[in-house]
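S.K.: Residues per chain are reported as follows:
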Amino acid sequence: MAEPMNAEGAGAGSGTGAGAGPVALRISPLAHLAARMHTAAVTGPRGVTLTEWPFRTMVNLRVDPVSEAADRVEKSLGAPLPRQCGHTTASGPHTVLWLGPDEWLVLSQAEGTDGTAVAAELRAALGADPGSVVDVSANRTTLELSGPAARQVLEKGCPLDLHPRAFGPGHAVSTTVGPVAAPLWQVDDVPTYRLLPRSSFADYLARWLIDAMSEYRGPELP
Amino acid sequence: MLLISCPWCGPRDETEYHYGGQAHVPYPGNPADLTDEEWAGYVFYRDNPKGPFAERWMHGTGCRRWFNVLRDTVSYEVLAAYRLDEPRPEIPQAGGNR
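For the protein sequence lines, the chains are A and B, in the order given. The number in the numbering used here is simply the position in the first sequence, starting from 1, with 95 added. The number in the numbering used here is simply the position in the second sequence, starting from 1, with 460 added.
FYI, nobody ran anything at the bench for these hints, they're computed from the structure. Mixed in with the good hints, there may be bad ones.
[As the list claims (entries may be wrong)] Short, incomplete list of chain A residues facing chain B, as computed with Cβ under 8 angstroms:
1) Cys-180
2) Leu-194
3) Gly-195
4) Ser-269
[Unchecked claim] So the derived list for chain B, only partly shown, Cβ under 7 angstroms to chain A, looks like this:
5) Trp-468
6) Asp-473
7) Cys-523
Quick reminder that beta carbons are idealized off the backbone N, C-alpha and C, glycines included.
One chain only, chain A, in its complex shape:
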């Protein structure tokens, strides 16, 4: 062996500390569009911005909602599992999205944790009972669409009613935006939306959104 094959030896210029390992080498699904998304940002009363939040921790959870295992999972998360379509619950770094009557997506923003840690915690809570806990962090990426015109951008391709009377902060629903299926989660009143497309669809969805946003750069047409 002439050279060390680890990341510290190979990753010159990555700027990460010791023990970063393969994490320092990963590339987000939209890294190649970061500059395009940045320049597509529109400011002003019709402003809208698009950013990627890469490498979020996501864990897919399936368990019978009326079982003891679900109680243990809720205790471990510190939040009840949402029981209805569109609902989310949050506790500390965790947000739980409803995906189906016995399926949830646990998003975690805790610094220094990765999907394996959250998944291990939930798997311990699930025990030997029927269900599954899978780290799916690499399955999806997160696109954040924010600004006064964000709802109008989404309404060009989303069949859902996104008007505040029907959809608001804390709502998350699996739907389609353009032709891409993705959970859509509204986080605040700006409004800010987060879209969670599968990694291989993220490039198309980001380009679709950049195109949809370009109209708001000019004056409003009557």
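We have chain A already, so just place chain B on it with the hints.
M.R.: Structure of chain B alone, referenced to chain A:
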């Protein structure tokens, strides 16, 4: 465009769903005893009624669950949507005057 109410997610556009053919087609109780003709009947032959028709749909971009829909094949009106463990609902007003 049909507007179908998923039993779990509520009303959504038809484009969010996948079609699954006729509902309530029971698997043969004793498959080994079936003749080729009976197998063909089970696998390939389906009803084609004019009026209310129970069919299976799957909410592909939502909760990804299969459920049943009662749809009028004449007017395309979605008369009912119900879960797989629920019986086919009786729709008294459907199919009466055609």
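S.K.: For every hint, state whether the structure bears it out.
M.R.: Hints and how they fare:
no.: 1; hint: Cys-180; result: 4 angstroms, holds
no.: 2; hint: Leu-194; result: 7 angstroms, holds
no.: 3; hint: Gly-195; result: 4 angstroms, holds
no.: 4; hint: Ser-269; result: 5 angstroms, holds
no.: 5; hint: Trp-468; result: 5 angstroms, holds
no.: 6; hint: Asp-473; result: 4 angstroms, holds
no.: 7; hint: Cys-523; result: 4 angstroms, holds
The earlier numbered hints are all upheld by this structure, with none contradicted.
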